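Residue numbers (the numbering used here), protein chains in the order written: chain A, 1 to 209; chain B, 1 to 601.
It should be emphasised that the hints constitute simulated quantities derived from the structure, not laboratory data. Since this is a predicted model, take the numbers as computed values, not measurements. Yeah, the Cβ is synthetic: ideal placement off N, Cα and C, and Gly gets one too. Check each hint, because a few of them may be wrong.
Ranges of calculated distance between the beta carbons of each label pair, as one might list FRET restraints [to be verified]: (1) A96/B - T132/A: 37 to 43 Å; (2) T308/B - K38/A: 51 to 57 Å; (3) P368/B - A117/A: 38 to 44 Å; (4) K204/A - G179/B: 46 to 52 Å; (5) T37/A - L170/B: 53 to 59 Å; (6) K294/B - D54/A: 39 to 45 Å; (7) S508/B - K204/A: 17 to 23 Å; (8) A224/B - K45/A: 52 to 58 Å; (9) K38/A - N167/B: 36 to 42 Å; (10) R109/A - H591/B: 53 to 59 Å; (11) L170/B - V209/A: 23 to 29 Å; (12) D54/A - L513/B: 38 to 44 Å; (13) A128/B - V209/A: 25 to 31 Å.
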Amino acid sequence: MDRRTSLKWVLTAAGTLPLGGLGLMPLSRAADGVRETKPYGTDPKLTEAYRSGDLWPLTFTPAQRQIATVLCDAIIPADATSPSASAVGVVDFIDEWISAPYPRQREDRKIVIEGLAWFDGEASRRFSKPATALSVEQIHRICDDICYLPKVHADFLEAAKFFARFRDLTAGGFYTTPDGRKDLRYVGNVPLPRFDGPPIEVLKKVGLV
Amino acid sequence: MPFVDSEAVTKRNYDVIVVGSGAGGGQMAYTLTMSGARVLMLEAGRKYDPGMETAMFQTPEMAPLRGTSTPDKPFGFYDATVDGGWQVPGEPYVSASEKDGERFEWWRARMLGGRTNHWGRISLRNGAYDFKPRSRDGLGFDWPIAYEDMAPYYDKVEMLVGIYGANDGLENTPDSPSGCLLPPPKPIVSDLLIQKHTAKLGFPTIACHRAVVTQPLDSQNIPAKLHPGNATAQDIIARDMRKRSPCFWATPCGQGCSIRANYQSTTVHIPPALETGKLDILTDAMVAEVILAKDGRASGVRFVDRRTGKSRQVSARVVVLAASAFETVRILLNSRSAQFPQGLANSSGKLGKYLMDTVGSDLSGQIPLLENLPPHNEEGASGGHMYVPWWGYKAQQAGKLSFARGYHIEFNGGRRMPQLGTAAGIEWLTGGSYGAKFKEDARRYYGSMVHFAGRGEMIPNENSYCEIDPQVKDKWGIPVLRFHWKWSDHETRQAAHMQKTFAELIESMGGRLHKPPENDGANAIDPGGSIIHEVGGAIMGDDPHRSVLNKWCQAWDVKNLFLADGSPFPSNADKNPTLTIMANAWRVADHILDRMQRKEL
């Protein structure tokens with residue numbers, strides 16, 4: 001296939017790419033006042049780019065947002081490969097998630113809001129500090145008690161359920177961003193002239209050569 | 001003027017009304033208009049333009065909730081289906097029982113192209129056994145036709161649509177003549193690993209057949225094979241084939257394909273049919289009933305214009321229903337008259353009977369051999385490159401299995417576009433890690449999961465049927481269906497066998513299971529309707545007392561009424577039904593054309 005053909009494909013398909021995805025065209029919002037929390041319906045515009053808060057009002061108070069940031073970054077901190085969860089908008093995503101008018105998200109709303117309050121309270125009980133003032137080591141001491149449901153102490157059962165859910169949401173939010181995809185070394189979603197199958201080093205590693 | 005309004009259609013003359021625009025309706029309209037018949041296609045949902053509306057390259061962070069499924073978009077935000085799902089607002093249905101295993105969930109898509117905008121695109125031919133199942137094991141019904149009757153139409157559909165696959169010469173897994181299939185994509189590494197281990201366990205893994213164009217369609221030679229002696233049709237389809245681009249090995253098929261590499265009715269059947277100038281399409285036209293004329297023929301249909309709520313009638317020489325299997329049944333059951341108080345074409349009392357779906361059960365495993373692989377692109381044709389056809393025909397004939405019919409295995413793995421669930425729920429592997437260790441774990445396990453799904457044959461039974469609910473109506477005032485559903489032991493035992501097979505396979509690959517396989521088939525089987533392969537309800541047969549249609553899918557009771565979706569299927573082989581729906585629709589369309597030419601319709 002020649003370059004012109006493949007370019008034509010990209011342009012054809014790119015005709016439906018959202019400008020908003022490039023950060024050029026924010027969606028219009030209601031001017032002010034209280035917005036209704038409505039589902040996006042069975043026929044939403046698919047080629048628009050959506051941002052947290054575009055479709056329904058958000059939930060987090062500034063304090064909740066800060067605690068969520070602490071926990072998101074405890075779960076996915078910055079390292080040599082990629083930024084932290086909060087740095088790529090995961091707190092905004094979780095806020096969008098728990099604010100959504102669907103049954104599963106409504107359940108998570110309760111779990112997350114109560115869980116954040118528990119975490120802040122636990123920080124105060126153990127270290128006499130708000131969660132936002134804890135050291136990394138202090139955060140880990142709490143997380144170590146709630147990070148693995150099958151072995152959690154009965155006193156921490158509810159907290160561990162919250163943490164499992166919050167970790168899934170944080171991970172989901174993170175690995176669906178460009179930085180998260182890069183971290184996993186995902187390559188794809190680009191047109192190719194042909195599909196070659198696995199390279200020889202992959203086959204060797206799996207013992208198929 | 002291809003897209004028309006409800007005022008215009010009442011003033012025009014049509015040869016054929018086709019109700020529905022999916023695989024059956026699309027193929028029917030294509031074949032009829034290519035031969036010069038004037039066709040009106042009625043679609044209950046809205047107009048849909050895959051060229052302008054397809055979210056092809058969109059990634060999860062651009063979508064609400066990272067594209068996760070919601071009640072509004074049950075297959076995720078970017079799924080090409082709009083106004084569709086197991087629940088459609090304002091269009092209820094009723095379940096006669098709320099017990100587990102006795103409910104049928106009805107998936108519908110109210111849009112041009114129907115459910116062809118969302119499907120796996122797996123396109124397997126029924127084999128010779130699949131047309132004569134009762135003759136082999138005494139259960140269910142034989143088709144009134146044989147594989148040889150359908151084979152020429154499978155050839156044509158494969159050439160028109162563009163199906164990749166290979167010929168492996170396996171039992172009841174038909175080969176295609178040379179020139180029908182396109183080359184299959186190369187296997188990904190998990191495919192090859194699965195192939196190695198299925199061979200160890202004694203069954204084959206071969207190229208899947210899917211409706212994705214992997215190289216340019218042969219626009220030089222195919223048109224003459226599709227439309228011999230019809231220069232106009234050949235010219236139209238040759239030009240259209242040159243406008244379709246082959247797969248560029250990116251973006252999920254389920255999001256739709258604006259380059260027209262995969263099959264949707266809206267990208268393959270409808271454009272050339274419109275090009276003939278013989279097709280009018282009216283969308284937002286919800287057909288309520290078929291009108292019976294005094295002479296015993298169908299004079300046309302009554303539909304509700306969804307934009308105005310007004311009822312209208314339109315007439316034609318022939319009426320074809322392809323509204324999706326159970327919607328077609330619903331229309332007929334609602335078409336009551338003095339002559340047919342139990343629904344049109346129902347003198348046999350078999351209308352609404354013998355509903356079938358596909359038996360489904362699945363299991364996932366984590367494969368240490370696939371951890372930390374060097375990054376490489378595994379997207380390929382988006383769906384499966386390989387599959388396992390049913391291998392147990394001889395064991396069943398010898399009475400060695402506790403269920404009568406077969407299943408095939410679909411599977412997927414690979415380093416796909418990360419989704420919301422990619423690194424979720426992995427505590428069973430990580431021991432609950434968080435922080436730097438969690439990031440390492442996510443990298444390690446990404447791409448190391450394989451997922452197996454069994455897709456098996458359900459045998460029609462007397463307990464799975466639908467009828468009109470005496471009370472409930474949809475928002476258009478049209479009475480709705482009430483479903484009755486039961487699996488037999490043949491299905492539940494088959495589902496348990498799937499679980500056992502998948503667990504053996506995962507273990508053979510050195511893999512780990514999150515949960516043990518489900519030994520109880522009643523728990524292992526997915527609910528009726530969840531695989532979205534429903535067929536039956538107006539079966540064809542040789543005996544007017546025991547079937548609704550003759551072998552031409554012509555109503556025994558009404559000469560100019562034909563069905564062209566999954567409703568005429570007397571059995572539901574493990575092979576996914578779409579290819580057979582299309583081949584059968586072409587066969588029926590040829591028959592209608594022949595009879596119209598002979599002035600018999």
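So the hint says 36 to 42 Å: do the beta-carbon atoms of K38/A and N167/B match that?
violated, 53 Å
Taking the beta carbons of A96/B and T132/A, is their distance inside 37 to 43 Å?
violated, 56 Å
With 38 to 44 Å as the target window, see if D54/A and L513/B comply at their CB atoms.
Distance hint for D54/A, L513/B holds at roughly 41 Å.
Given a hint of 39 to 45 Å, does the C-beta separation of K294/B and D54/A actually sit inside it?
With Cβ atoms ~58 Å apart, the hint is violated.
G179/B and K204/A - C-beta distance against the hinted 46 to 52 Å
Hint violated: Cβ distance 37 Å, outside 46 to 52 Å.
CB-CB spacing for K204/A and S508/B relative to the 17 to 23 Å hint:
Distance hint for S508/B, K204/A holds at roughly 21 Å.
Is 38 to 44 Å respected by the C-beta to C-beta distance linking P368/B and A117/A?
holds, 40 Å
Is the distance from the Cβ of T37/A to the Cβ of L170/B consistent with 53 to 59 Å?
About 54 Å separates the Cβ atoms of T37/A and L170/B, which means 53 to 59 Å holds.
Just tell me: holds or violated, for the beta carbon distance of L170/B and V209/A against 23 to 29 Å?
Given a distance of about 26 Å, which is inside 23 to 29 Å, the answer is holds.
Could you say whether the range 53 to 59 Å given as a hint is met by the Cβ separation of R109/A and H591/B?
Hint holds: Cβ distance 58 Å, inside 53 to 59 Å.
Indicate whether the distance between the beta carbons of A224/B and K45/A respects the range 52 to 58 Å.
Distance hint for A224/B, K45/A is violated at roughly 43 Å.
Is 25 to 31 Å right for how far apart the beta carbons of A128/B and V209/A are?
Violated, at about 39 Å.
The structure is inconsistent with the numbered hints 1, 2, 4, 6, 8, 9 and 13, although it conforms to all the rest.
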